[in-house]
Structure formats: C-alpha cells, structure tokens
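Place chain B on chain A using the hints.
Chains as they are written, first to last, in full-length UniProt numbering: chain A, 1 to 205; chain B, 1 to 205.
Because the hints were derived from the structure by calculation, they are not lab data.
Note that the structure is predicted; figures quoted are calculated from it, not measured.
Positions of the beta carbon are idealized from the N, C-alpha and C atoms, including for glycine.
Certain hints may be false.
[Claimed, not checked] Here are the simulated EDC-like pairs of lysine to aspartate or glutamate, each with C-alpha atoms no more than 16 Å apart in a straight line:
| # | chain 1 | residue 1 | chain 2 | residue 2 |
| --- | --- | --- | --- | --- |
| 1 | B | K93 | B | E77 |
| 2 | B | K191 | B | D174 |
| 3 | B | K93 | A | E77 |
| 4 | A | K177 | A | E134 |
| 5 | B | K52 | A | E142 |
| 6 | A | K52 | B | E142 |
| 7 | A | K2 | A | E44 |
| 8 | B | K37 | B | D120 |
| 9 | B | K154 | B | E195 |
| 10 | A | K2 | A | D61 |
| 11 | A | K130 | B | E131 |
| 12 | A | K52 | A | D34 |
| 13 | A | K130 | A | D120 |
| 14 | A | K52 | A | E32 |
| 15 | B | K130 | A | E131 |
| 16 | A | K93 | B | E77 |
| 17 | B | K130 | B | D120 |
| 18 | A | K2 | A | E32 |
[What the hints assert, rightly or not] Footprint (simulated), chain B over chain A, 3 or more residues, beta carbon under 8 Å:
| # | region |
| --- | --- |
| 19 | 64–71 |
| 20 | 89–97 |
| 21 | 127–137 |
There are 2 protein chains.
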Amino acid sequence: MKLYEMAKAPNPRRVRMFLAEKGLLDKVTRVEIDLAKGENLSTEFCNKNPMKKVPVLELDDGTCISETTAICRYFEEHYPDSPKLLGNNANEKAIIEQWTRWVDFYLFLPIGMGFQHTTDYFKHRMNPIKEWGESNIKAATEFFDFLNQHLQDKDYIAFGRLTAADINAFCSVDFGKVVNLRVTDAYPNLKQWYERMKALPSAKV
Amino acid sequence: MKLYEMAKAPNPRRVRMFLAEKGLLDKVTRVEIDLAKGENLSTEFCNKNPMKKVPVLELDDGTCISETTAICRYFEEHYPDSPKLLGNNANEKAIIEQWTRWVDFYLFLPIGMGFQHTTDYFKHRMNPIKEWGESNIKAATEFFDFLNQHLQDKDYIAFGRLTAADINAFCSVDFGKVVNLRVTDAYPNLKQWYERMKALPSAKV
Chain A
1 MKLYEMAKAP
11 NPRRVRMFLA
21 EKGLLDKVTR
31 VEIDLAKGEN
41 LSTEFCNKNP
51 MKKVPVLELD
61 DGTCISETTA
71 ICRYFEEHYP
81 DSPKLLGNNA
91 NEKAIIEQWT
101 RWVDFYLFLP
111 IGMGFQHTTD
121 YFKHRMNPIK
131 EWGESNIKAA
141 TEFFDFLNQH
151 LQDKDYIAFG
161 RLTAADINAF
171 CSVDFGKVVN
181 LRVTDAYPNL
191 KQWYERMKAL
201 PSAKV
Chain B
1 MKLYEMAKAP
11 NPRRVRMFLA
21 EKGLLDKVTR
31 VEIDLAKGEN
41 LSTEFCNKNP
51 MKKVPVLELD
61 DGTCISETTA
71 ICRYFEEHYP
81 DSPKLLGNNA
91 NEKAIIEQWT
101 RWVDFYLFLP
111 IGMGFQHTTD
121 YFKHRMNPIK
131 EWGESNIKAA
141 TEFFDFLNQH
151 LQDKDYIAFG
161 RLTAADINAF
171 CSVDFGKVVN
181 LRVTDAYPNL
191 KQWYERMKAL
201 PSAKV
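Chain A on its own, in the form it takes in the complex (with noise of 0.2 Å):
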C-alpha cells in the first residue's frame, strides 16, 4: 500500500502517528507529494484524489481512499487485533468520532482557515480575506480553553485512555504554531496533555 503525503503537513501526520500507534507503520510505503510546487494539482494525483489533498492511501488493487479519518477507519477495521483507536463498542465510537469531529471543525479547520487567509503563502491560488482569517484565529485560541477546561483532572481526551480524538488532537494544536498559537502556562491541563502526547514515540514519526 502506499501513502501519498507531505510529511511535514499536519493531516499525514495525524495518519502516521495512528498507524505507529497501532504498530501498522510499515504496511505502508510513503510517497512524499510536494504541495508548495503544486504536485498535488497533477492529473496523475487528481485521479487518486478528486480534492486534491493529502494523506491518500492507495491499496494494492488500485483503490484510492482519501480523508485522514477514513483512512485511519480502513485500518482500524483491517487489522482487528491491532489496539484500537476508534472505540472498542457504539458508545466509545461515537464519541470518539464526535471528538474527531470537533477537533476538525473547531479546531483544525479553523487553524488552517486563519494561516491561509493572514499569510501570503497560498495566495497564487486564492484570495486571502485577512478578517476572515483573524475570526478563524479567535476561534482556535476559544477551542484551546475549551480542550484546557476539559482536560482538567484527565489524562487522555476520552474513556481514560489514548484514543484517535487525542492523536486528531494532538497534530491539531501542535499545527497551531502556523498561527502563533501555542500551548503557553494559560493552558496548564492542555499543556499536561500536550508533554505527555509529545513524549510518545509515535509523535516523532
């Protein structure tokens, strides 16, 4: 199977530090896509993925599957005796992808929202709309007190124990630099979580 990613970016990454997680790493070769020379916008690539994004998986038979969390649900479900990530029954799923969720939408998105908008760094295929980056920004920096409250007397994001809600998490605030938005001493529970999710090994793959 191969891996079309961007090491550097955050969603591969959220994708790699699952897979190390579960011992899966190797299942996979990584096929580095450089997005700054615009590789992801080649014919050969859109065909693999329509949107145009990293991570994809592409399996040996020629099946593509984009989206992080889709493809951290293939291998969930694929190797089963791997530890899972995802939940271990309805309840524990469902709240896990809730969690994902809101680290996607309130949180991950807004982050790269705020970056692409106050910077000029995508502006050859885009029109940034600074205000709009400076809400997204104001949202971002509300998630991080929320996930701070949250954490308060917990180790892990849900159910006690490492889940794909604090991996999603994890690469979601580590991202956050882009927007100068960092785990400071305001955050004292986020920033517990934060150093003990950073010493892991799988958050340096």
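Same frame as chain A, but now just chain B:
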C-alpha cells in the same frame, strides 16, 4: 433516547433519514430546539453540546453525543441487524467515510458559509463577510459539477446501493437552495439521482 434537533435544519434531517432507512426512527423522542430564538445557547443545552449545535443524541443514562455522523455511527454499531449504511467491511467503511467527509467539507460547509456570509440571518451573532460567502457558493457549485460527473451511469454514490454517502449528499444538495443552488437540467446525472433520492419515504421524515 432523545434527539435534540431543529426539524427544518439539514443536519438533523440527515440523522432522521438515516434512522428511517434503518427502521429505527421510533427509537428516539424528538425534541425541537429553536436556533432562531437562540435556544441552543442556553446553559442547559450547552451542557449537552458545548459546540451549541443540533443534532444531539441523549442516551437514557444522560450521555450526550453530538455530530451527525457520530450519532449515525452509534446507531449503526448498536443495531447491527438493521440495514448497514456505513459499509459492510473495512474497504466500504473507509470509502463511505471518505464520501461523507467530502460532502461535509466541500458541499455542506461551503453552503452553510455561503448562507451565513451573504445573508443577515446570523448577523446578530457574527460579522458576515460577503466576499467569503460568495467564494463558498462558487466552491459548492463546483462540487455540484463534480457530483454530476461522478454519478454518470451510477444509481448511487458508492457500491451501487444506498449508503450514508447518498443521504449526506442528498440532504446537503437540498440545503443548497438557501444559496439558490438548485439541481437544474445543467446537472442531468445529479438530477436523476436527486429525483430517485427524493422519492424515498425517508426523504420526507
């Protein structure tokens, strides 16, 4: 179980249609929350969903689950004998999740942003940015094109049968009317699929 919703909003509709197709609609007691009146901003509701959105599923033990797809996942996993709408195996589950996310990020979200930023509906709670709204309506229109192409010679989005991908897409396509995006003859394949979906009894619940 209680399902907090606003009946005419598109995300609660996705949950109802999903439940109806599974024959599980009678499992929930529906509770109407009036977003226009700000009932979702009350402390009581925020304790159920800190993100202040509908739908929310409240289990009999008081556990609350937010996010449409997480609620759908709960029912899919909890009632394994009901028709499977999220896939029968790892490959199907991943592809259907890919599609529901594509629809969420490239159709539903842009329509919502387009509506919020080109109308005054939420102006007491946010600052609409018209340019951003228009850019999102353009993006949603492009996804109509993409979906129209994808549906050539296909009755359903994936695996030749009705899945959550179709339900998600149908409710999102219908939601397009709030930004005057409609399934015209310019989208013949989309239109055929749309009429097929619209004829389902579950489209009316």
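Exercise for the section: Identify every previously stated hint that the structure contradicts and give their numbers, smallest first. Expected result: none
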